[in-house]
Amino acid sequence: MNMQQVVFPKSSANGFGRQRGDREVGARLENKMQLGKSNQGRIQTTGALAVGKTVGNESFSRDRLVYLTTCLIGHPVEVHVKSGSIYTGIFHATDAENDFGIILKMARLIKDGTLCGYKATTEFVSKAPSKILIIPDKELVQIIAKDVAVTRDGFASEPQNEKHQEILIDSAISQSRHVEVERELEPWVPDEDDLQCPELENIFDGPWNRNWDQFETNQKLFGVKSTFNEELYTTKLERGPQTRELEKEAMRIAREIEGEDTQDLHLAEERGVDLHDDFDIDEEMRYSSVYRGRGVDDSGYEEEEDILLDSHNIETFGDSYDSLSRSTDGVRMPSSSSLVDDAPSSQAAISEDLNCSRPNDQARQLASELPSKSFSVSDSESRIRDKLLGEHGGSSDGNEFPEKQSVSEKPNSSGKLSEGPASSKATGEMHSANSHGQPDSSTSSNSDYVGTVSASGGFGLSPSSSMGSLSSEKSTLNPHAKEFKLNPNAKSFTPSQTPVRPLSPVSDGSFYYQTQMSPLPHMHMPVSFGIGPSFPGHQPVIFNPQVAPIQSPQAYFHPNGPQYGQQMVLGQRQVVYYQPEMQYKGRDY
Amino acid sequence: MEGEEFAVGCFLSIKTTLGDEFEGQIISFDRLSNILVLQEGLESGPRRNIRLLKANYIKEFSLLRQDEDPLDVKKCFLDLTSLQAREDSAIRQAEADSERFGVGVTSEAQTLFDALSKTESCVAAF
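Heads up: the protein sequence lines correspond to chains G and F, in order.
Residue numbering for the first sequence follows UniProt numbering, starting at 1 and increasing by one per position.
Residue numbering for the second sequence follows UniProt numbering, starting at 1 and increasing by one per position.
Among these hints, one or two may not hold up.
Unchecked claim - Here chain G is said to cover these stretches of chain F; the calculated rule only asks that three of the stretch's residues, wherever they fall, bring their Cβ under 8 Å from a Cβ of chain G:
hint	region
1	27 to 33
2	48 to 62
3	71 to 77
4	85 to 98
As the list claims (entries may be wrong) - Over the 12 Å line for every Cβ pair with chain G, so calculated as not near, a few chain F residues:
hint	residue
5	F11
6	S13
7	D20
8	E40
9	R65
10	Q66
11	A115
12	L116
13	S117
14	K118
15	T119
Derived from the structure by calculation, the hints contain no laboratory data.
Nothing here was measured: the structure is a model prediction, and the numbers come from that model.
Where a beta carbon is used, it is the ideal one built from N, C-alpha and C, also for glycine.
With the sequences and hints as input, model every part of the structure.
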């Protein structure tokens, strides 16, 4: 047993705090009591303790003293010292061998003996508690403890009380003060037992395959009558003789969609395509929903914006960028097309359609303008594209958006028609493309056109596939329509005051383009390209009024939709409403 | 006061040199350390108010009455582990509480803070 003396140096009369280890004292006390640490049970009465060298009465009283002070361990006590100061703290130990100096933990000074009288009570300013306070015997006056459990009865009830009263809060548990270091985080790895994607396949088996009807079960168990009607939530499926074909078609479309190339990280991941092997893509990029324009793949977006602005500029200031546009065909395309958030040809009641990014289509539509009657329906998509590319270079008109008059059948020639047969053809082809599926996913060319509106690769979608319905893909073009010939002197259309149809509620910034009900042979393409009704707000709407017209100035209005209130007047700066691009990831079902 | 024998069980009324006055029953007196262990209040239950007083600070005292030993030796047991646990828990609690005590504030302010903090279950100390 270590008989080392504990030194209690004298200090100011205030008493003192010491940040000293007190283990020796504590241990000594325990040793003194001759209680092994392993001793969990109850201990002998104080009388049996052999303490120090005292004998007889003193031993008896000493024993009692020791016993009582031991009872105090862990108990909050108040200690008065010679100077009159009072400390409160948790009783930790006493030097039972000698003269019973005591050690308190978490001690606070609650009354300062140096301040006298009135001052002492009012001006007392609290100080931080000291972790360990050693009060030597000489300073000690008295120790006061309340509600001390002295006898066995007290002990029995005590732990329960303690447990009930103590509420462990997180900060106490974690002792965060004591732990300075951050934990090294490790990614979660599944246990061996966990299956790889357990039962995911089964879960999504069609509900009709399961043997369990939840509604029925619910009804049986709880008597709840269900009013669930699947058709309320999804497109009504036509079940009938056509069902097989429709299903097949649906599968085909689904496969097509899923098989598309995508540059989008998230889509790729979903489809199991590992897009990026370069490791500068961290978790955040992979899984966060925060869109940051970044990286090679996404740079398209940034470029888009630039391009968009450029296009706007072009329209505003006249097209002096021909050469430029020519040279940057691929890049230009999307911009121009994106400008035109074209609703599909009026003929198709497929307004929802093309919205999403069919930059090429839209551009073409634009360029072509019109209710052209000579639609060469047969042309393939790629041809269209090529044409468009070609013509795009040639014409600055990717950006022209002649407005079409849906009501009037007159070809509404805009100031700048990028006329040419190519355009009309393109339109026609485009229309046909609209109606037909686009078998070849023009994703390759599309990848350049990360259109603002488009989901990447959206261009490859067949318009009909984007349609919710699986209705037949009849071409809505009129093969017998009269060929369109531009009439530059045609009177410009002035819309009537009342809109033809009631304006549908659409989020701000989007045009509502109502398709013409009847497939018109002379199709007037509205200049303002709106988003179909189903996706208000999703797509950026770029309203690009005709600028710098070559010929007579014309005002173009969208007859059916909310107007931005722009009147295009020749020569004046047009206000271009530019919606910030939002990446539309998905399909326009 | 040296040399006096304090009989266990006596009820005394004591005045200390610091101005404290109280009454208590002697549990024990250790001559070596000169510490008088008193039990204050009535023994109404297993828990008592204990006071350890250094006898040299007793200014005056008077004997009130004599009673039997308040400490039933047969019932005296100590469970060190539970004591240790109690101490640990008390320290934890005190650490948590210490965050609620303002440093450098007057007692008045502390009282205010304590009173106000009762209206909220969780008060952040700043």
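Consistency of the hints with the structure:
For the region 27 to 33 of chain F, the proposed coverage by chain G is satisfied: 7 residues have a C-beta within less than 8 Å of a C-beta in that chain, meeting the threshold of three. Residue count for the region 48 to 62 of chain F with a Cβ under 8 Å from a Cβ of chain G: 8. That meets the three needed, and the coverage hint holds. Look at the region 71 to 77 of chain F against chain G: 7 of its residues bring a Cβ nearer than 8 Å to a Cβ of that chain, three or more, so the hint holds. Residues of the region 85 to 98 of chain F with a Cβ under 8 Å from some Cβ of chain G number 13, which satisfies the need for three, so the listed coverage holds.
With a closest Cβ-Cβ approach of about 17 Å to chain G, F11 of chain F is found to remain outside the 12 Å limit, as its non-interface label requires. No beta-carbon of chain G comes within 12 Å of the beta-carbon of S13 of chain F; the shortest separation is about 15 Å. Against chain G, the non-interface label of D20 of chain F is violated: not every CB pair exceeds 12 Å, the least being about 7 Å. Taking the minimum C-beta to C-beta distance to chain G, about 8 Å, the non-interface status of E40 of chain F is violated against the 12 Å cut.
Every beta carbon of chain G lies more than 12 Å from that of R65 of chain F, the smallest distance being close to 20 Å; the non-interface claim holds. For Q66 of chain F, the shortest C-beta to C-beta distance to chain G comes to about 17 Å, beyond the 12 Å cut-off, and the non-interface label holds. Once the 12 Å rule is applied to beta carbons, A115 of chain F is consistent with being away from chain G; the minimum gap is 16 Å. Against chain G, the non-interface label of L116 of chain F holds: every CB pair exceeds 12 Å, the least being about 16 Å.
Here S117 of chain F stays apart from chain G, with its beta-carbon at least about 14 Å from theirs, past the 12 Å limit. Every Cβ of chain G is farther than 12 Å from the Cβ of K118 of chain F; the closest lies at roughly 15 Å, confirming the non-interface assignment. Under the 12 Å C-beta cut-off, the non-interface status given to T119 of chain F relative to chain G holds; the minimum distance is some 18 Å.
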